[in-house]
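These protein sequence lines are chains V and B, in that order. Those letters in the first sequence? Residues 1 to 283, per our numbering, in order. Those letters in the second sequence? Residues 1 to 282, per our numbering, in order.
Read the hints as simulated data drawn from the structure, not as lab findings. Check each hint, because a few of them may be wrong.
[Claimed, not checked] Some chain B residues judged to face chain V by a derived CB distance under 10 Å, without partners named:
no., residue
1, P157
2, V160
3, Y161
4, D164
5, T184
6, V189
7, N202
8, S206
Glycine included, every Cβ here is placed at the ideal spot set by N, Cα and C.
Spelled out, the chains give:
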Amino acid sequence: MGMKDFFLKSLFLGACLLSAGIALGILGFMVVLAYPLFAQGLFWDMLITPWSPGQGLFGVGPMITGTLCIASLAVGVSVPISFGVACFVGILHPGGKGRILKFVVEAMTSVPTVIYGFVGIFLMVPLVRELFSGGSGMCILSAGMMLGLLISPTMILFFAQSFTLVPQNHLDAADALGANTVQKFFYIVLPCAWKSMVTGLVLSFGRAMGDTLIALMIGGNAAAFPESVLDPARTLTAHIALIIAADFDSIEFKTLFVCGISLYAMTGIGVVLARGLGQRGRA
Amino acid sequence: MKFEKNKRGVVWAGILGLALVFCMTGLCLAGELDVFTGEKQVLRISGGTAHIPVMKAAAQKIIGFNPDIQIIIAGGGSGAGIKQVGEGLVDIGNSGRQATDAEVAKYGLKMVKWAIDGVAAVTHPQNPVKSLSSMQLQDIFSGKITSWKDVGGKEAPINVYTRDAASGTRSVFWEKALKKADITEKANVVVSNGAMKTALSNDPYSIGYVSVGFIDQGVAALVLDGVTPSMASVKSGEYTVARGLFSNTKGEAQGLAKKFMEYLLGPDGRALVLDKGFIPVN
Numbered sequence: 001m002g003m004k005d006f007f008l009k010s011l012f013l014g015a016c017l018l019s020a021g022i023a024l025g026i027l028g029f030m031v032v033l034a035y036p037l038f039a040q041g042l043f044w045d046m047l048i049t050p051w052s053p054g055q056g057l058f059g060v061g062p063m064i065t066g067t068l069c070i071a072s073l074a075v076g077v078s079v080p081i082s083f084g085v086a087c088f089v090g091i092l093h094p095g096g097k098g099r100i101l102k103f104v105v106e107a108m109t110s111v112p113t114v115i116y117g118f119v120g121i122f123l124m125v126p127l128v129r130e131l132f133s134g135g136s137g138m139c140i141l142s143a144g145m146m147l148g149l150l151i152s153p154t155m156i157l158f159f160a161q162s163f164t165l166v167p168q169n170h171l172d173a174a175d176a177l178g179a180n181t182v183q184k185f186f187y188i189v190l191p192c193a194w195k196s197m198v199t200g201l202v203l204s205f206g207r208a209m210g211d212t213l214i215a216l217m218i219g220g221n222a223a224a225f226p227e228s229v230l231d232p233a234r235t236l237t238a239h240i241a242l243i244i245a246a247d248f249d250s251i252e253f254k255t256l257f258v259c260g261i262s263l264y265a266m267t268g269i270g271v272v273l274a275r276g277l278g279q280r281g282r283a
Numbered sequence: 001m002k003f004e005k006n007k008r009g010v011v012w013a014g015i016l017g018l019a020l021v022f023c024m025t026g027l028c029l030a031g032e033l034d035v036f037t038g039e040k041q042v043l044r045i046s047g048g049t050a051h052i053p054v055m056k057a058a059a060q061k062i063i064g065f066n067p068d069i070q071i072i073i074a075g076g077g078s079g080a081g082i083k084q085v086g087e088g089l090v091d092i093g094n095s096g097r098q099a100t101d102a103e104v105a106k107y108g109l110k111m112v113k114w115a116i117d118g119v120a121a122v123t124h125p126q127n128p129v130k131s132l133s134s135m136q137l138q139d140i141f142s143g144k145i146t147s148w149k150d151v152g153g154k155e156a157p158i159n160v161y162t163r164d165a166a167s168g169t170r171s172v173f174w175e176k177a178l179k180k181a182d183i184t185e186k187a188n189v190v191v192s193n194g195a196m197k198t199a200l201s202n203d204p205y206s207i208g209y210v211s212v213g214f215i216d217q218g219v220a221a222l223v224l225d226g227v228t229p230s231m232a233s234v235k236s237g238e239y240t241v242a243r244g245l246f247s248n249t250k251g252e253a254q255g256l257a258k259k260f261m262e263y264l265l266g267p268d269g270r271a272l273v274l275d276k277g278f279i280p281v282n
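Work out the full structure: start from the sequences and follow the hints.
Listed below in structure tokens is the structure:
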């Protein structure tokens, strides 16, 4: 018993330390490699200045803006859809139609990203170009919508899952008080499910920010600050993919670590915020 | 050490993209392919995307003759090709530009030029604009001219497409067609000659540039200063936006890489080069 206990405890502790160590190690690795930029005082400027290698400007400001725009749009597109589908699947039709829909959603999670990118190029991009004839169609709007579609299965499953976590006796009590479905939903289900819904939201936002292929394939990759959703934009991840083949000694290459640290910081802030929101929702 | 691993991961990701293994026995073929008899190694090639059609064709012939040989072909761009061969990650690194003196010195590269290729400004086939002057081309790519109407076309915005930093096609086009003028930051960026062609053929208001070997019905080459970019005009020297296609090895090519290079420069290889729309060297 004692032995087994000790063994299991050290196994779990080891797993914890390993994953935490890797997460911190990656951050440390990027900071060390970006150190020359810190030392020259370039790091903070790079976060806001434009990218224009011809003029000796290597800022990743446009990429940070691009990432935030595309990821926010994706979440904006995805939340209403996911919320609706999750309600349908989890509350209105838990069996029958809902089951089939849920199965479809689960199948969607296993579609590779590149397929979405491919579909985006041949369906979404021409559509956006013709509807708003003003650009190449490779823009924030196309990438954001496609990315919204990509992250919605995760979000739907998270939302639907969180609805099932509502204690049955709460619902029974509401029934006894004569609450109808809508009242039950707003007064019981939502307050109870709030926390894990926020978690789902943040995870999806993280996925949207971390996705490379969709933005690379249909975002247009222009390294200018976007001025509208119809402008092409380059995300931090796409920037990394585009610059990785540059000379290792070049300053372009060093900016990759600035991108990495920014991405890391952005998702980190997101998680902290979600934690905060989740706590408050629970209280 | 960590750094090294990081690089290797990237390279492998690239290589996975184009692993070719053709299994057929071409007993009827003989002659130049004889040197490949008994070889069993893997040959890794990466770099310039303009080179890929020729590389693939040559690999098909060789593997058809001797299925024990594996030839893995990846893209990545000229910069990647030079870097990867220099680091010893691939056997042959292709580039659509000469390796710089610094690169040659750093890695001890040996360059072989096996073809000449033009880089043409291209647009969508339905675009009524069929020719431009150098000046117009520079103004379009720098973002000064933003409507097709200003160069005699429809009232539609011009969507500029360019290539990423590692592209040799980009560096040649920028140097010789754009005379080193700026390329607008608003330009869409694509990552290979193939991706450029796909993007242009889907966008009726596009302008970009591809290797002459990649021009087909999907895109229309623009006449530049009265000269039509084609194999003939590149060969005669009339069309000046041209460059050599190079294959680089670290030091003298050896073993399978050497045989591959010799095949490429021999009569069979030259026929393949010609067939894919490039001009074989001597």
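Hint check results:
Using the Cβ-Cβ criterion of 10 Å, the hint placing B:P157 at the interface with chain V is satisfied: the shortest such distance is roughly 6 Å. With a cut of 10 Å, the hint placing B:V160 at the interface with chain V holds, because the nearest CB-to-CB distance is about 9 Å. Given hint, B:Y161 at the interface with chain V, holds; its Cβ is 8 Å from that chain's nearest Cβ, closer than 10 Å. The interface hint given for B:D164 holds, since its Cβ lies 4 Å from the closest Cβ of chain V, which is under the 10 Å cut-off.
Using the Cβ-Cβ criterion of 10 Å, the hint placing B:T184 at the interface with chain V is satisfied: the shortest such distance is roughly 8 Å. Taking 10 Å as the C-beta cut-off, the interface hint given for B:V189 holds, the closest approach to chain V being about 4 Å. With its C-beta approaching chain V no nearer than about 6 Å, B:N202 sits inside the 10 Å limit, and its interface hint holds. The closest approach between the C-beta of B:S206 and any C-beta of chain V is roughly 7 Å, which is under the 10 Å cut-off, so the hint is satisfied.
Every hint, counting from the list given before, is met by this structure.
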